[in-house]
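Chains A and B supply the protein sequences, listed in that same order. Residue numbers for the first sequence follow the numbering used here, so the first one is 1 and each next one is one higher. Residue numbers for the second sequence follow the numbering used here, so the first one is 328 and each next one is one higher.
One should not assume that every hint holds.
[Stated by the list, open to error] Examples of chain A residues lying across from chain B (beta carbon under 10 Å, computed):
| id | residue |
| --- | --- |
| 1 | V88 |
| 2 | F125 |
| 3 | T133 |
| 4 | H166 |
| 5 | C185 |
| 6 | M217 |
| 7 | E220 |
| 8 | F259 |
It is worth saying that the hints were derived from the structure and are not from the lab. Treat the numbers as computed from the prediction; the structure is a model and nothing was measured. Even glycine gets a Cβ: it sits at the ideal position worked out from N, Cα and C.
There are 2 protein chains.
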Amino acid sequence: MPAECVIGVDLGGTKLLAGTVDAGLRVHHRTQRPALADDPKGDAATVLDALIAVVDELRSTAEMEVVAVGFGIPALIDQTRGVAVMAVHQPLAEVPFGAIMSERLGLPVVVDNDANAATLAEYRFGAARDSHTAVMLTLGTGIGGGVVIDGELFRGSQGAGAELGHMVIETDGPPCFGNCPNHGCLEALASGSALAREGLRVARAAEDSALGQALAMGQEITGALVTELAHDGDRAARDVIALIGMRLGVGISNLVNIFNPDVVVVGGGVMAAGELLLEPARQVVAQRALQPSRSHVRVVPARFGAESGMLGAAALALDAVEKRAPA
Amino acid sequence: MPAECVIGVDLGGTKLLAGTVDAGLRVHHRTQRPALADDPKGDAATVLDALIAVVDELRSTAEMEVVAVGFGIPALIDQTRGVAVMAVHQPLAEVPFGAIMSERLGLPVVVDNDANAATLAEYRFGAARDSHTAVMLTLGTGIGGGVVIDGELFRGSQGAGAELGHMVIETDGPPCFGNCPNHGCLEALASGSALAREGLRVARAAEDSALGQALAMGQEITGALVTELAHDGDRAARDVIALIGMRLGVGISNLVNIFNPDVVVVGGGVMAAGELLLEPARQVVAQRALQPSRSHVRVVPARFGAESGMLGAAALALDAVEKRAPA
């Protein structure tokens, strides 16, 4: 099908990334919007309208016929009903997402958890290729998780498994974000939101640092800003990234002991920090995880960076098209 | 094979339990010894001799022919080589356990991780029967873990997975036990060893309690003693059990979010505390785990109590006999 393509859409907690993707998983067009509010009590219609607008935009510019759309959304999906059962960072709980989108777009629609989509892309085409057991963490507004065992995405008894970001590593730690009732979760300590929280704390304490000066000049201390200043060499910003990396390492150590994976892939927007984040994490794994697992595992960045989720959503859509095709 | 039986042996960190078991998984004789030292740097030969002695004792009293022996040992087993790769609580690292035992006993021998054996028994015949995804924790000297996914024990890429006891729930928590390099693990906070550690702390602080009086009279504060006093109604001892139960609940919440299991089975010697331990754990799960998983999961005691591991080892031996039988 040379003249056909699909659209992959990755809806995160605060960012929306979508692309037109062909059967070889090449991206022809991409678009990103920061527009969606991180408000789990907000309006589902607003979110759905924004998603429709993005798909329509890509469809109008596509050089090939768009034959299906894949969505990765930050929610637990009941695959039997096509309903988003629980959503920590978006107002999508109990929304029959797949049916609504398919009806409004007039196209076959596939929907899965955003981290599952990212994991699928990395397993099939990226950093987890050729592994038997693979674990992925997507560090964004929240932390998503995905697990592949023997070639299959692990979903648990109801499709609600692999919520790896909501593993407590600090029993009396800070409250988690969004709809999560827990505290001291990996997400509460090592997500992009946690990076911003720690960045603000350090900015207040280290007035002479570039981070402190940014705060004094009225800049909002975001994870992206901390990362930028860390890459520029600011010591305070680097310490914040290293702290997040060490916490990440505790979470990864747990996952290494639990899953004995061949590879742990770290993706999502926070991975813009690169080795400044990943190297402290690896050091913690080397100190804390059990043998033989800790010597065996590779802890690596996602091959597709912040695009894993979008590509995975596209891959799901391509799968659906293939199943639809006459034998 | 009405006149045949197997022997199942469960080697824990400090206890050794063995039994003669028929094809219907009925136990005909059982024997228990507290003799083996919890010394991972001790002498492997001493441990192996003790295991041989137990098997010989059961064999001499068995009314049926013993046709195979199954061992559950607290170690990671490399099933391709039959070697214990890593052992937190026994001096068995790099010991070719299966080959030695088979040679010395002159019988087919099967060996697996002790918690995997326990999980298998509960999945096939006990509290996890008819589940799709099941998680088991065995609370003894240490904490063992087992996971069944879609009817199969989950082992990870090297057979070293499901080390659920070495999941950190307190990043700066107390050092773990045995050979574990980590600290703040579930095992460090909620095992039988942790129960004894907390019991001693509370006994020193609460001099008027039955626990404090036991300490003053020179009794060793063990997990078993704390449990006994808690059942007798001592408030201090009950508080210790409840504390361990709440920590256990944090660990179970993590496992509920990670695996979305139908059931979490809690076994091992510490489960002598029963609902005094399990009810606080369930309350924490109800507060901290995500939906829909937390409403779906059952958190239940092992059906076979402290005998799950021994029965699972016997079941593995029965499987081996069945495979051996002519078609």
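To see whether the hints hold, each was checked on the structure:
no., hint, in the structure
1, V88, "holds, 8 Å"
2, F125, "violated, 20 Å"
3, T133, "holds, 4 Å"
4, H166, "holds, 4 Å"
5, C185, "holds, 8 Å"
6, M217, "violated, 34 Å"
7, E220, "violated, 28 Å"
8, F259, "holds, 5 Å"
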